[in-house]
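> Residues per chain are reported as follows:
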Amino acid sequence: DAGVTQSPTHLIKTRGQQVTLRCSPISGHKSVSWYQQVLGQGPQFIFQYYEKEERGRGNFPDRFSARQFPNYSSELNVNALLLGDSALYLCASSLQDRGLTEAFFGQGTRLTVV
Amino acid sequence: KQEVTQIPAALSVPEGENLVLNCSFTDSAIYNLQWFRQDPGKGLTSLLLIQSSQREQTSGRLNASLDKSSGRSTLYIAASQPGDSATYLCAVGSLSGNTPLVFGKGTRLSVIA
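In the order they appear, the protein sequences are chains F and U. Counting along the first sequence from 1, when you hit position 99 you're at 181 in my numbering, and nothing is skipped either side. Counting along the second sequence from 1, when you hit position 73 you're at 535 in my numbering, and nothing is skipped either side.
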């Protein structure tokens, strides 16, 4: 079975640009969550979607947005990129809502803003 | 607000040694606790999931315990190997708030051959 897949694996953007990151959950998983991890820190929660509805939002500015599609895949969009947005972006999928069941993570997307 | 702390931040041990990583959390109202491994620049690999009603879980050389009332969990690694070198992250599924998982900063483990 395929695990959680994220694309792209790496990308470099210029300040002020926009970026879209993609995530495909494990087959049958209806919950997708996004996390940002800067070097030396633990992942910080950005968004969670369950059954295509937003279930939670972390303490991130409105430049960050996300959505979940009917096939449960998800996109994370970041507008007006800042240097501080450089990080590893992680996607997690799980069977149920919230933290009820085991979370499985993708390999991440390394975003560098120059 | 749930906060998760991991001690120590870094640990270096000789191959073959048994070791314990510590995780503490401030709010005992949790669904579960999950331990992850992260290799440099990579995603997270789930190691063990402990439900709030459980006291411990085992997988191979790994054993994780949970004491919900005291807000503590430990990850025990037996007979450590150089391949165990990685960062180990503890994450709590908290009943309060809207965050699926609250993470600690991790413990960076180096096992020296």
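Just so you know, these hints were derived from the structure itself, not from any lab. Careful, some of the hints might be misleading.
To be verified - Pairwise CB distance ranges (calculated): (1) F:F142 x U:S490: 26 to 32 Å; (2) F:Q99 x U:S531: 35 to 41 Å; (3) F:T96 x U:T520: 46 to 52 Å; (4) F:P152 x U:E477: 46 to 52 Å; (5) U:G522 x F:L182: 41 to 47 Å; (6) U:K463 x F:Q99: 29 to 35 Å; (7) U:E518 x F:P152: 35 to 41 Å; (8) F:N161 x U:I574: 44 to 50 Å; (9) F:K134 x U:K463: 26 to 32 Å; (10) F:P152 x U:N480: 46 to 52 Å; (11) U:I574 x F:E157: 31 to 37 Å; (12) U:E465 x F:N153: 42 to 48 Å; (13) F:R97 x U:E465: 30 to 36 Å; (14) U:A471 x F:H92: 42 to 48 Å.
Every residue, glycine too, gets a C-beta built ideally from N, C-alpha and C.
> Against this structure, judge whether each hint is valid.
We went through each hint and held it up to the structure:
Take F142 of chain F and S490 of chain U: their Cβ atoms lie about 27 Å apart, and the range 26 to 32 Å holds. As the Cβ distance of Q99 of chain F to S531 of chain U is approximately 49 Å, the hint placing it in 35 to 41 Å is violated. Between T96 of chain F and T520 of chain U the C-beta distance comes to about 49 Å, which sits within the given range of 46 to 52 Å. The beta-carbon spacing between P152 of chain F and E477 of chain U, approximately 50 Å, falls within the hinted interval of 46 to 52 Å.
A hinted range of 41 to 47 Å is violated for the C-beta pair G522 of chain U and L182 of chain F, which are about 25 Å apart. Look at K463 of chain U against Q99 of chain F: about 33 Å separates their beta carbons, and that is inside 29 to 35 Å. Between E518 of chain U and P152 of chain F the Cβ separation comes to about 40 Å, which falls inside the hinted range of 35 to 41 Å. With their beta carbons about 46 Å apart, N161 of chain F and I574 of chain U fall inside the hinted range of 44 to 50 Å.
For the hinted restraint 26 to 32 Å between K134 of chain F and K463 of chain U, the CB-CB distance of approximately 28 Å keeps it satisfied. At about 49 Å, the beta-carbon gap between P152 of chain F and N480 of chain U stays in the expected band of 46 to 52 Å. Between I574 of chain U and E157 of chain F, the C-beta spacing of about 43 Å breaks the proposed range 31 to 37 Å. Roughly 36 Å separates the CB atoms of E465 of chain U and N153 of chain F, a value that falls outside the hinted 42 to 48 Å.
At roughly 32 Å, the beta-carbon separation of R97 of chain F and E465 of chain U lies within the given 30 to 36 Å, and the hint holds. In this structure the supplied range 42 to 48 Å is violated for A471 of chain U paired with H92 of chain F, their Cβ-Cβ distance being about 27 Å.
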